[in-house]
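Sequence lines, in order, name chains Y and H.
In the working numbering, each residue's number is its place in the first sequence (first place is 1) plus 603.
In the working numbering, each residue's number is its place in the second sequence (first place is 1) plus 6.
Keep in mind that the hints are not guaranteed to be accurate.
With a straight-line cut-off of 25 Å between C-alpha atoms, the simulated DSS-like cross-links for lysine-lysine are [to be verified]: (1) Y:Lys801 / Y:Lys791; (2) H:Lys167 / Y:Lys627; (3) Y:Lys789 / Y:Lys769; (4) Y:Lys616 / Y:Lys627; (5) Y:Lys769 / H:Lys114; (6) Y:Lys752 / Y:Lys791; (7) Y:Lys743 / Y:Lys802; (8) Y:Lys652 / Y:Lys616; (9) Y:Lys656 / H:Lys114; (10) H:Lys19 / Y:Lys769; (11) Y:Lys789 / H:Lys151; (12) Y:Lys616 / Y:Lys650; (13) Y:Lys802 / Y:Lys769; (14) Y:Lys791 / H:Lys37; (15) Y:Lys656 / Y:Lys627; (16) Y:Lys801 / Y:Lys789; (17) Y:Lys656 / H:Lys151; (18) Y:Lys791 / H:Lys165; (19) H:Lys165 / Y:Lys743; (20) Y:Lys802 / Y:Lys791; (21) H:Lys19 / H:Lys114; (22) H:Lys134 / H:Lys114; (23) H:Lys106 / Y:Lys769; (24) H:Lys114 / Y:Lys627; (25) H:Lys151 / Y:Lys652; (26) H:Lys134 / H:Lys19; (27) H:Lys151 / H:Lys165; (28) Y:Lys801 / Y:Lys743; (29) H:Lys19 / Y:Lys652; (30) H:Lys19 / H:Lys37; (31) Y:Lys789 / H:Lys37; (32) H:Lys167 / Y:Lys752; (33) Y:Lys769 / H:Lys167; (34) H:Lys134 / H:Lys106.
The set of hints was computed from the structure by calculation and includes no laboratory data.
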Amino acid sequence: MEMEKKNKKINYKLLLDLFMTFFKISPITFGGGFAMIPIMEEELVHKRKWIGKEEIVDVFAVSQSVPGAIAVNSATFVGYQIGGIPGALASLLGIVIPTFIIIIILGALLASFQHNIHVQAALQGIRPVVVALIGSAAYKMSRVSLVDKVCVTLCVACIMSLLLFKSLNLILVIFLGAALGIMVVKVKEVQNYSLAQKKVRGEKF
Amino acid sequence: MNIFVDMFVTFFKLGLVSFGGGYAMIPLIQKEVESHHWLNMSQFTDMIAVSAMAPGPIATNTATILGYKIAGLSGAAVACLSVTLPSLLLILIIGQLFIKYQNHPLVKAAFYGLRPTIVGVIAYSAIKFAISNGIIGGSNFVDVKSLILLVIGFIILIKTKFHPAYLILASGIIGIMIF
Chain Y
604 MEMEKKNKKI NYKLLLDLFM TFFKISPITF GGGFAMIPIM EEELVHKRKW
654 IGKEEIVDVF AVSQSVPGAI AVNSATFVGY QIGGIPGALA SLLGIVIPTF
704 IIIIILGALL ASFQHNIHVQ AALQGIRPVV VALIGSAAYK MSRVSLVDKV
754 CVTLCVACIM SLLLFKSLNL ILVIFLGAAL GIMVVKVKEV QNYSLAQKKV
804 RGEKF
Chain H
7 MNIFVDMFVT FFKLGLVSFG GGYAMIPLIQ KEVESHHWLN MSQFTDMIAV
57 SAMAPGPIAT NTATILGYKI AGLSGAAVAC LSVTLPSLLL ILIIGQLFIK
107 YQNHPLVKAA FYGLRPTIVG VIAYSAIKFA ISNGIIGGSN FVDVKSLILL
157 VIGFIILIKT KFHPAYLILA SGIIGIMIF
């Protein structure tokens, strides 16, 4: 009985700790997911010692692979590893609430000033940079994703078909890309296998 | 009431398929904004600018500010909730499994094709934004001032560690001076 009570108490404290930790990390991470990784590692691995160095590498790897914002995914996953489902919820709320409040304030400001002539001019200067920002995200990803000719071809084919067929469903395209990846790898395997077979036969005769 | 259900379904769906994090979600949201006629593309671009300047994930920020624009504070709450809910569910359900199977050949093969596709989708979205903001392909074919800003911005972003938030502020000041 005593133990159970104690455990429950510790749990609430842990949940509050998780919430507060991510609540503090959230508003200082400009630039989202990737900017947050070193800060989270410092706080969770070195300061709090909640999770090991190898474990957090797994957490970040999974967070980048699973759909959704990397920051949200990793906070949720760390919370889950440390405190189960309640831990995941506490961490998720901690990471989302501060930025939610900030973005609403900024959204309200934008709405009330967007017809101002200077704000209009400023936005006209900002829009090309937003395009550059999205383009640079694609470029940076391409450096690690386009590892061979097949990948480059797939990427170019994707851009061309999206530009040509305006009604193409993006979700369908994404899953098609994954399916093609599996097919290409299978075909390569078969090719390598038959090549190896030929070699073996060639040596025999 | 209907608009909230519509928003919830839309953002939940996007949250489920946005492999590759924040910037991968922008093209998906862009398509939905178009097909639902929620905003024009310049307005949407401005919202991405605000989302990129603010702290936090660009995906949740963009969804939230869009929800706010469409249906006020409750719209923002619905959008934010529905875009993060898939993350929570996926992490809880397949997080542990994924640690085990992330090196499985089939998973690796899927990501081998998935990653270039995501790059393509994001690059396409950049081109689309450039067109819909009249930077390229408009009445003058190119808007020279905007294109120069775009190119300089792109070079700074890929060559230096200059923070995007400051770059957006700086381009705003330049915008006031030249437009």
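Hints, one by one, checked against the model:
The suggested pairing of Y:Lys801 with Y:Lys791 holds, with an alpha-carbon distance near 15 Å, which does not exceed 25 Å. At most 25 Å may separate the alpha-carbon atoms for a hinted pair to count; H:Lys167 and Y:Lys627 meet this at roughly 24 Å. Among the hinted pairs, Y:Lys789 with Y:Lys769 is inconsistent with the structure: their alpha-carbon atoms are about 31 Å apart, more than 25 Å. Taken as a hint, the Y:Lys616 and Y:Lys627 pair is honoured in the structure, with Cα atoms around 16 Å apart against an allowance of 25 Å.
Taking the CA atoms of Y:Lys769 and H:Lys114, the gap is near 30 Å; set against the 25 Å cutoff, the hint is violated. The hinted pair formed by Y:Lys752 and Y:Lys791 meets the criterion: a straight-line CA distance of about 13 Å does not exceed 25 Å. Taking the CA atoms of Y:Lys743 and Y:Lys802, the gap is near 40 Å; set against the 25 Å cutoff, the hint is violated. Under the criterion of a C-alpha separation no larger than 25 Å, the hint pairing Y:Lys652 with Y:Lys616 is consistent with the structure, at around 16 Å.
For the hint linking Y:Lys656 to H:Lys114, the alpha-carbon distance of about 23 Å falls within 25 Å, and the restraint holds. Simply put, H:Lys19 and Y:Lys769 have alpha-carbon atoms about 20 Å apart, close enough for the 25 Å limit, and the pair holds. Proximity of Y:Lys789 to H:Lys151 is assessed by CA-CA distance (about 48 Å); at most 25 Å being required, the pair is judged violated. In summary, the hint linking Y:Lys616 to Y:Lys650 is supported, as the alpha carbons are separated by about 17 Å, within the 25 Å threshold.
Of the supplied pair hints, the one linking Y:Lys802 and Y:Lys769 is violated, its CA atoms being roughly 48 Å apart against a limit of 25 Å. Only pairs whose Cα atoms come within 25 Å are accepted, and Y:Lys791 paired with H:Lys37 is rejected, the gap being roughly 35 Å. Between Y:Lys656 and Y:Lys627 the CA atoms are separated by roughly 21 Å; this keeps the pair inside 25 Å, and the hint holds. Annotation: proposed proximity of Y:Lys801 to Y:Lys789 holds, straight-line Cα distance about 19 Å (limit 25 Å).
At roughly 48 Å between alpha-carbon atoms, Y:Lys656 and H:Lys151 are farther apart than 25 Å, so this suggested pair is violated. Straight-line distance between C-alpha atoms of Y:Lys791 and H:Lys165 comes to about 36 Å, which puts the hinted pair past the 25 Å bound. Distance check on the hinted pair: H:Lys165 and Y:Lys743 sit about 10 Å apart at the alpha-carbon level, within 25 Å; holds. A threshold of 25 Å between alpha carbons decides the hint, and for Y:Lys802 with Y:Lys791 the separation of about 16 Å falls inside it, so the pair holds.
Restraint check for H:Lys19 and H:Lys114: satisfied, since their Cα atoms lie roughly 24 Å apart, inside the 25 Å limit. For a cut-off of 25 Å, the pair hint linking H:Lys134 to H:Lys114 is broken: about 30 Å separates their Cα positions. Pair hint H:Lys106 plus Y:Lys769 does not hold up; C-alpha atoms about 39 Å apart against a cutoff of 25 Å. Distance check on the hinted pair: H:Lys114 and Y:Lys627 sit about 35 Å apart at the alpha-carbon level, beyond 25 Å; violated.
Straight-line distance between C-alpha atoms of H:Lys151 and Y:Lys652 comes to about 51 Å, which puts the hinted pair past the 25 Å bound. Among the hinted pairs, H:Lys134 with H:Lys19 is consistent with the structure: their alpha-carbon atoms are about 22 Å apart, no more than 25 Å. Taken as a hint, the H:Lys151 and H:Lys165 pair is honoured in the structure, with Cα atoms around 21 Å apart against an allowance of 25 Å. For a cut-off of 25 Å, the pair hint linking Y:Lys801 to Y:Lys743 is broken: about 41 Å separates their Cα positions.
Of the pairs offered as hints, the one joining H:Lys19 and Y:Lys652 is violated, with about 36 Å between alpha carbons and a cut-off of 25 Å exceeded. Taking the CA atoms of H:Lys19 and H:Lys37, the gap is about 13 Å. The hint holds against a cut of 25 Å. Among the hinted pairs, Y:Lys789 with H:Lys37 is inconsistent with the structure: their alpha-carbon atoms are about 33 Å apart, more than 25 Å. Distance hint between H:Lys167 and Y:Lys752 is unfulfilled; the C-alpha atoms sit about 29 Å from each other, more than 25 Å.
Restraint check for Y:Lys769 and H:Lys167: the C-alpha separation of about 35 Å exceeds 25 Å, so the hint is violated. With a C-alpha separation of about 38 Å, the suggested pair H:Lys134 and H:Lys106 falls outside the 25 Å cut-off, and the hint is violated.
Checked against the numbered hints above, the structure violates hints 3, 5, 7, 11, 13, 14, 17, 18, 22, 23, 24, 25, 28, 29, 31, 32, 33 and 34; every other hint is satisfied.
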